[in-house]
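Using the sequences and the hints, build the whole thing.
Here's the letter readout for the chains.
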Amino acid sequence: MNSFVWSLVGGRVLVAVFTLLVVSFTVFCATAILPGDVAEVLLGQAATPEAVAGLRAAMHLNDPALLRFVRWLAGLASGDLGKSYANNMQVAQLIGPRLLNSLKLAGITTLFSVPIALALGIAAAILRGSVFDRALTFLTIAVISVPEFMVATTAVLLFAVHLKWLPALSFAREATSFWDLLRIYAMPVITLAFVISAQMIRMTRAAMIETLDTPYVEMARLKGASPTRIVLRHALPNALGPIVNAVALSLSYLLGGVIIVETIFNYPGIAKLMVDAVSTRDLPLIQSCAMIFCLVYLLLITVADVIAILSNPRLRR
Amino acid sequence: MMTRAIPLPLHYRINIVGLLALCVILFWTMVALFASQLAPHGVGEIVDLDYFGPMSRQFPVGTDYLGRDMLSRILFGARYTVGISLASVTIACVTGVTLGMAAAVTGGWFDTALSRFLDALNSIPSKLFGLVVVAGVGSSIPVLILTMAVIYTPGSYRFARALAVNVNTMDFITVARARGEGVPYIIGSEILPNIIGPVFADVGLRFVFIVLLLSGLSFLGLGVQPPDADWGALVRENISGLPFGAPAVMFPSIAIASLTISVNLLIDNLPKKTRDRSA
Numbered sequence: 001m002n003s004f005v006w007s008l009v010g011g012r013v014l015v016a017v018f019t020l021l022v023v024s025f026t027v028f029c030a031t032a033i034l035p036g037d038v039a040e041v042l043l044g045q046a047a048t049p050e051a052v053a054g055l056r057a058a059m060h061l062n063d064p065a066l067l068r069f070v071r072w073l074a075g076l077a078s079g080d081l082g083k084s085y086a087n088n089m090q091v092a093q094l095i096g097p098r099l100l101n102s103l104k105l106a107g108i109t110t111l112f113s114v115p116i117a118l119a120l121g122i123a124a125a126i127l128r129g130s131v132f133d134r135a136l137t138f139l140t141i142a143v144i145s146v147p148e149f150m151v152a153t154t155a156v157l158l159f160a161v162h163l164k165w166l167p168a169l170s171f172a173r174e175a176t177s178f179w180d181l182l183r184i185y186a187m188p189v190i191t192l193a194f195v196i197s198a199q200m201i202r203m204t205r206a207a208m209i210e211t212l213d214t215p216y217v218e219m220a221r222l223k224g225a226s227p228t229r230i231v232l233r234h235a236l237p238n239a240l241g242p243i244v245n246a247v248a249l250s251l252s253y254l255l256g257g258v259i260i261v262e263t264i265f266n267y268p269g270i271a272k273l274m275v276d277a278v279s280t281r282d283l284p285l286i287q288s289c290a291m292i293f294c295l296v297y298l299l300l301i302t303v304a305d306v307i308a309i310l311s312n313p314r315l316r317r
Numbered sequence: 001m002m003t004r005a006i007p008l009p010l011h012y013r014i015n016i017v018g019l020l021a022l023c024v025i026l027f028w029t030m031v032a033l034f035a036s037q038l039a040p041h042g043v044g045e046i047v048d049l050d051y052f053g054p055m056s057r058q059f060p061v062g063t064d065y066l067g068r069d070m071l072s073r074i075l076f077g078a079r080y081t082v083g084i085s086l087a088s089v090t091i092a093c094v095t096g097v098t099l100g101m102a103a104a105v106t107g108g109w110f111d112t113a114l115s116r117f118l119d120a121l122n123s124i125p126s127k128l129f130g131l132v133v134v135a136g137v138g139s140s141i142p143v144l145i146l147t148m149a150v151i152y153t154p155g156s157y158r159f160a161r162a163l164a165v166n167v168n169t170m171d172f173i174t175v176a177r178a179r180g181e182g183v184p185y186i187i188g189s190e191i192l193p194n195i196i197g198p199v200f201a202d203v204g205l206r207f208v209f210i211v212l213l214l215s216g217l218s219f220l221g222l223g224v225q226p227p228d229a230d231w232g233a234l235v236r237e238n239i240s241g242l243p244f245g246a247p248a249v250m251f252p253s254i255a256i257a258s259l260t261i262s263v264n265l266l267i268d269n270l271p272k273k274t275r276d277r278s279a
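These protein sequence lines map, in sequence, to chains A and B. Numbering-wise, the UniProt record's numbering puts 28 at position 28 of the first sequence, and it's gapless, one number per residue. Numbering-wise, the UniProt record's numbering puts 121 at position 121 of the second sequence, and it's gapless, one number per residue.
I should point out that these hints are in silico values taken from the structure, not numbers from a laboratory. Here the structure is a predicted model, which means the values were calculated and not measured. One thing to keep in mind: the hints can contain errors.
What the hints assert, rightly or not - Quick look at which bits of chain A chain B covers, simulated, 3 or more residues with Cβ under 8 Å:
1) 150-158
2) 259-265
3) 274-283
4) 295-301
Unchecked claim - Derived CB-CB ranges, DEER-like:
5) B/Gly83 to A/Phe25: 29 to 37 Å
6) B/Thr169 to A/Leu295: 36 to 44 Å
7) B/Ala113 to A/Leu8: 19 to 27 Å
8) B/Cys23 to A/Pro49: 58 to 66 Å
9) B/Val24 to A/Ile116: 27 to 35 Å
10) A/Phe112 to B/Ala113: 40 to 48 Å
Note that the Cβ used here is the ideal one computed from N, Cα and C, for glycine as well.
Structural data, given as structure tokens:
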């Protein structure tokens, strides 16, 4: 590793930090500056002019927007996420367990879908043009082109309504055994896995095909190396960087998927919390959830970029 | 150079899959335009005493949770889904492509600042952005159109800028500059005709993203508000019919899928020259 690589990586991280600032500013603007007076909304029926003025003063709503933004950002940075409007609880307390649940769901999905997607993507690249490849390509395009909730409803129709293997939309009961746990997690995980695998398979296939088309792979083929050896020894090590990059990028699709999946399956995660907060206009909760989502998203994208930089052999010495 | 024909995408040859896809797209466009003539029943009219009715001769795709005719509701839903998405994609791509070409031609700090800002905007997950805006200002059709336009402008900008940067190095641009042409002329008459093919393909792709985002938001109850309903909202209001496999849940989804898959297939089957993103 030389200093040039590190300066590239450092630059990427700086861009991420700058992006996070712009993102936080956008989130703040969208929720705090646009019309719809929070004090009036909170007081509802009891919104006399005096009460509204009092509440506005108490919440510092009369301060200039920039000051409020800086104060909010400082609070976020020091871990103070503010209080929920809806039930006056600390936002951090509300988010904590929910975030854990969502991470659990995302983790299981990742463990489950990454190996399958990689295997399918690489196989499709090797068997390029075959029936298998074309069927897989069609399937992935179909999954990418339909909304996530359609994947979920189709899964429910197939596994719960027709095959009757799994419960339909219930998530309310507690899991008592491992088998129960499996049955409960199965449907959300299957749905999410479909959504992110489709992206991963496409990107893995593209990365692998690019490597298989290089002159050194053709050379290996000409010298008589077996197909297995060509793939495992010559192509795969060189495609690894782009593939890991593809995995990180695909995982960022978890965010969009998780919002739909948690809602449809009533899963007690952070995305469900946020959707509920939007319907009650609980702004501090929405802001915090949005920042967490953006942070995770940026983290994944930055990791993908850094991996792409580090895995480029031309930059290695 | 003055009389050079502008290569319209309509002149391109197209294969059978692309043609079929085009037919489906035209079909939904017609439906969106003439929904009130085509629908057998009124959109809010309760016509079946039973709810979640099955497919029958009288109700080809069943009835919804209140016993309204699903077919009519889907036909009217096409208006919202297609109309809102089209409006959004038009605003997003006109803004994005214009800014992208302007940035490529102008260069300098204008280009750098705009690119950095739009890249940052681009790294907010789209559904999240939608949620935050709806939380802030509430959901209405103009808000939805503008929000989705803002969400998809950066992507369109990036794409158009990348294409325009390549064209910008050509000799005829230098000639135009030497003639003393201004930025509006250069981007409108010299660059745009040379990138119009890929830009149209990109518009299609972005249209698909917007249809999916709109459906997703409506499905969450944050998009098109009742009594109006787009296809996503139709799935939402009938989701309780899912455990017994009511057709009212599946058919709006199938409508969305038929539209988005068709647009994707049409783009995939355009001649390579038109859709090549690395051009």
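Problem set entry | Hints that the structure is at odds with (numbers, increasing) | Violated: none.
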